[in-house]
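Undergrad: Here the sequence shown stands for residues -29 to -1, 1 to 89, where the numbers follow mature numbering (1 follows the signal peptide of the UniProt record, and there is no 0).
It is worth saying that the hints were derived from the structure and are not from the lab. If you're wondering where the values come from, they're calculated on a predicted model, not measured in any experiment. Just to be clear, a hint being listed does not mean it is correct.
Distance ranges between label pairs, derived from CB positions [as the list claims (entries may be wrong)]:
hint	residue 1	residue 2	range
1	Trp61	Asp(-20)	17 to 25 Å
2	Ser81	Arg8	38 to 46 Å
3	Ser75	Ser13	35 to 43 Å
Each residue gets a CB set at the ideal place from its N, CA and C atoms; glycine is no exception.
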Amino acid sequence: MGRRPPNKRDYYFSAFIFFLALLVEPSRGLPLSTDSRWIVNSKGTRVKLACVNWASHLQPVVAEGLSKQPVDAVSRRIREAGFDCVRLTWPLYLATNHSLASLSVRDSFSRLGLSESI
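Full structure from sequences and hints, please.
TA: Structure representation (C-alpha cells):
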C-alpha cells in the first residue's frame, strides 16, 4: 500500500495557502505575538508558555475526555494545574479522509457507542 500520487488539486491548495501566508501581517495589538522564533507580549518581552498536550488523534477524532466532562470543566482543570497553553494532537488522516472531515462529534460518539455522552 503506497502513497497516492499528488494531483492538481493538491498543488492548487498548496499554492493558495502559500500566497495566503504572504498576505498575513504580524500584529502587535494582541496580547501575544511572535518576534522571529520567540513568543513575546505586547511590550516585546519574551514569554515562556507552560503547555499541556490534549490528545485528540485517537479514534473518536475529538479531544479526549469530552465524553466524560464538558470542555469548560476540562479547560478549567488545565488552568488550575498551572498550564496556559494547550497543544491539540489532531490526526493527519482527518485532513485527508473526507468522510472523517465531515463527521460531527455527535456522529463520532454514536459510532463508538458513546450515545450517553452526547
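Undergrad: A separate judgement is required for each hint: does it hold in the structure or not?
TA: How the hints compare with the structure:
1. Trp61 to Asp(-20): 17 to 25 Å: holds, 19 Å
2. Ser81 to Arg8: 38 to 46 Å: holds, 43 Å
3. Ser75 to Ser13: 35 to 43 Å: holds, 37 Å
Violation of the numbered hints given earlier is absent; every hint is satisfied by the structure.
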